[in-house]
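Engineer: This is what each chain is made of:
Protein chains: 2
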Amino acid sequence: MLTYCMRKRLCRVNSNLLQFYKHYGKSSDGGSDPASSMMQLLQRRFFIPPEDYHAVSLLKGKACAYGPLGVDLKRNMLEQWWSSMVRSRPQVFGISTLHGVGDKGAGEVEDLSKESKLVRRRQPFRTSLLQGALAQYIPSLELMNRKLPFGLAETGLCYRPEEDDSDAIGCSAEVTEASLVWFCSFRTSLQWLDYWTQHRLQWWRKFALGPSDFSMCDVQDDELIDGASRGAKVLYKFPWGTETLETLWMFSEAELLKRHPSNQAKLECRDGKKAVVPHVLSLGANMDRGVLAVLLNSLQDIQKVDNKQRLHQRTVLKLHPTLAPVKVALDMGKGSTSELRQVCEGLLHELLEVGISAWPGYMDTTHSSMDKLHTKYDEMGVLFTVMVGENTLENGLLLVRNRDTTVRETMHISEIREFILKCISKAENI
Amino acid sequence: MLTYCMRKRLCRVNSNLLQFYKHYGKSSDGGSDPASSMMQLLQRRFFIPPEDYHAVSLLKGKACAYGPLGVDLKRNMLEQWWSSMVRSRPQVFGISTLHGVGDKGAGEVEDLSKESKLVRRRQPFRTSLLQGALAQYIPSLELMNRKLPFGLAETGLCYRPEEDDSDAIGCSAEVTEASLVWFCSFRTSLQWLDYWTQHRLQWWRKFALGPSDFSMCDVQDDELIDGASRGAKVLYKFPWGTETLETLWMFSEAELLKRHPSNQAKLECRDGKKAVVPHVLSLGANMDRGVLAVLLNSLQDIQKVDNKQRLHQRTVLKLHPTLAPVKVALDMGKGSTSELRQVCEGLLHELLEVGISAWPGYMDTTHSSMDKLHTKYDEMGVLFTVMVGENTLENGLLLVRNRDTTVRETMHISEIREFILKCISKAENI
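The listed protein sequences derive, respectively, from chains H and B. First residue of the first sequence: 1, per my numbering; consecutive thereafter. First residue of the second sequence: 1, per my numbering; consecutive thereafter.
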C-alpha cells in the first residue's frame, strides 16, 4: 500500500486519481488496487528508487529517477520507437536540439550589458520538441532535395512546470518525449494525420498484453492548441481513468512562416511540380507515462488452487519479450559452489556477448527457496530462469523455466543461447 | 574558414584556442587549419546545423544541436560506451536520475508558504552525475547482496554554467556526460583507479585512426577537487592544445557518509568478512568533446598526383566502422529511372531491416558527377557507396566502392548485405 503521505499528495493533485483512491484506496483487503500494488512492485524490484516521490512523479505522467530495471525498460521502449520511426524510414532523419531555448542569434547581442547578459543566461527550457525541429527545417531541406514528405525525429527531455502548478513540489516537471515532426503538402495532410494516428496506435498495441486498453480519439475543436487545425490522441485506460500517451497536431504552413518570418522562398518544397510551404504534423509521445502504461498493461495476477486445495497467487509482469529489461536470470542450485559459479560466469558472458541481457542471480548467496526465486523473477518480468546444478557439471544439462508457461525444460548448455535468441526474434516478428 | 565573428568569440574565450588561432588562423592559404575546415565540413555534411554558435559550443567542449549525422555518431558512441561499461559487466547497473536536483525530501516541506514554494521550484540542475549515483547507492546494495565491488552507470545531460562565466552567451552550458560510479574497498581502490584509467584510455583508442593523440595523466595535488584524494585524466591532443575528455576521481568513504549522514550501518558492504563503507571512484566522460575528438582524429587529407601531374586533394572522414553514422550510400546511375529506383528502394529496406544504416542518395535527383558524389560521401564518412545501374537490371551486378581503399568491386545484389555485415563485425572485433 502507498504510504499515507504519498496517497494524500496524490489525491490533492489529480481529480481522476482522487476518485480512484476514494473508490479503491480504502478497500478492505488492505490496498490491493492495481496502481498501489504496481508501485510497490516497482520499488521492490529495482524499477524505481524506494522514495515515494518518484512513484508520485511516475503516476502523474512525469519522469522519475529509474533503477536498473526501469532504465532498461525505458531504453528498450525508446530504442523500439527510434527503430520504427527513424531507422526504418529513409525520409525520416534524427536530430538533437539543446534543452535550453532562446540563445538563438546570440551572436548578434555582443553589446549587451553585463546585467542583461545575466538575465539572458537564465534561459528557459524547452517544453516540447516541436520548436527545435522547426528551427532545423531549413538546413534539413537539402537532405531530401526539397522533396516532400519528410520528417525530423528527436527523443529527449522536456520541461512542463506549468502543469498542475500548485503541486510541483515533490513531483518532477521533467517528461521524456519522443517526437516526429512531419512536413507534407496541404493536399496530403489529412491522409498523413490518419496514417500516423493509426501507426502510432498500432505501435503501442504491438507490445500490449491487453491491446484494447490502448485507444485513439480526435481532439475536439475547443481543445485545439494555438495554431492547430486538427488533432488526435492515443489514450491508455489507466485504473483511475483514461489519460493521453501521445498527441498528434496538424498545423498549416503558418507554423513554418511564423518560425522563419523573412524567408518564404527558402521554406518552399516541391509538391510534384508546384513549390509550396509545407504543412506540419507534430507527433509527441510521453514516454514516461508510456512506461507506466506498458507496465500496468503487462501486470497479471494469476490464482491457482493446488492439489491440497490451497489458493496460491502469482504476480507476473508479462512484459513483451522485446521490452523486458532482463531476458534471462542465471542461478545455481546446491553443490560445489566454486565450480557451479564458474559455469554461471561462463554462460553469463556468452549471453551478454550476443546482447542478451542476463541477471547474475548466482552472485546473491543468500539461499532462498525456488518459489521465492520464481516470485522475484516473475515480478521482474524475466523471460527465462536458468538453473545450473550438480547435474550440469556431469552432463551439461540445465533447467530452463519459462515465465509465461511456467514450464521447466531440460536443455544442454550449448543450446541455450540459440534457444533464447530464437524466442525473442519470434516474438518480435509477430 | 570560420566567420570573423565566430573566430573573435572563440579567441576571447579560451587561451589555448586563442594561441591556436593566432598561430594558424591567419595562414596564407586562406584558413585551412584543421579546426575551421572541420567545422565547415560538419556544417556542410549535416553533422551540425549551419549557425556558427553551434560550432562554437562544440569547439568549447559543450553540447550543440546536432543534425542527422551528428545525432547518429553521438548515439553510436554512447551505445558503445554503454555496451562496454554496463551491458558486458554483471557488477555494473544502469540508473537514471532527474536533471533537476534539490527536490529530495520534498515530502517534508508541505507547510512552506506559497512564496518559498516558488523559490524552491526554480531548482538548480545537476552539474555532474556523481550525486545522483550516490543517492541511489542504498537501494542498489540489494542488487549485489552488499558485495563489493559494484558500479552504477548513467549517461545524460549536465549543466556547466559556471565555466568561462563571462561568455556563456552564444554557447551552450549543456554537456553530455557518461558516468560510472564504482564502489570498492579501500584496500583495492588504487588498483581499481589504475584498472579503470587504463580501460578508459584503451576504449578511446579503440576507435582512433591516430591512437597516440589520446593519452592519460595523473591529476596534480593542487588540481584535486574537494574530497578527492587522487585523480587521473584521459586527454586528447586537439590542434589548439590538449584538453580533457574524461576525469577519474578517487574519494574516500567520507563521500558516502556525507551524502547519507545518519545511516552508517545502512551503508556497509562486505569486503571478504569485514563490513566496510566503500570508497568511491567516479569516472565522467564529456561525450560532446569526445565526438569532436573522434571527428578530428578521423579526418584525413589525402593528396594524389594523377597521370597528368595534376594535384588532387581528397578529404576523408575515416570514422571507425562501428561509429560511422552512415554505413552505406545507395545511388543510381543513368538509365530507366523508375525501375532503378525500385531496385534501390528494395535494397535500402533490406539493409535497414538488419540494422545497417543506409543513405537514400538515389532520392536526390540533381545529377552530380561521380567525383562530387565520392567527395560528399567521403566527407560524410560513409563506408561503402553502392551504385545501381542499367547493368543491375540485367544481371543483378552492382558497383561497391570502399571509402578507405577507394577500390570499386563488382558484386551481386544478393551478396551485398552479408558482405557489409561481415566488414563491420570484422572491424568491431579487432
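Some hints here could point you the wrong way.
In this list, chains with the same sequence are indistinguishable; a pair is considered to hold if it fits within one copy or across any two.
[Stated by the list, open to error] Within a straight-line C-alpha distance of at most 30 Å, the following computed DSS-like cross-link-like pairs (lysine-lysine) qualify:
(1) Lys273 x Lys304
(2) Lys372 x Lys274
(3) Lys266 x Lys372
(4) Lys308 x Lys147
(5) Lys422 x Lys273
(6) Lys372 x Lys422
(7) Lys147 x Lys334
(8) Lys147 x Lys376
I should point out that these hints are in silico values taken from the structure, not numbers from a laboratory.
Engineer: Each hint: holds or not?
Structural biologist: Hints and how they fare:
For the homomeric pair Lys273 and Lys304, neither the shortest alpha-carbon distance inside one copy (67 Å) nor that between copies (43 Å) is at most 30 Å. Within a single copy, Lys372 and Lys274 get their C-alpha atoms only as close as 68 Å, which misses the 30 Å cut-off; across copies the closest is 28 Å, which meets it. For the homomeric pair Lys266 and Lys372, the shortest alpha-carbon distance between copies (24 Å) is at most 30 Å, but the shortest distance inside one copy (65 Å) is not. For the identical chains of this complex, Lys308 and Lys147 are neighbours neither inside a copy (70 Å) nor across copies (40 Å), given an alpha-carbon limit of 30 Å.
When the C-alpha separation of Lys422 and Lys273 is checked against a cutoff of 30 Å, the pair qualifies neither within a copy, at 48 Å, nor between copies, at 43 Å. Within a single copy, Lys372 and Lys422 get their C-alpha atoms as close as 28 Å, which meets the 30 Å cut-off; across copies the closest is 44 Å, which misses it. Taking identical chains as interchangeable, the C-alpha atoms of Lys147 and Lys334 lie at most 30 Å apart only when they sit on different chains, with a minimum of 20 Å there against 66 Å within one chain. With identical chains, the CA atoms of Lys147 and Lys376 are at most 30 Å apart between copies only, with a shortest distance of 20 Å across copies and 53 Å within one.
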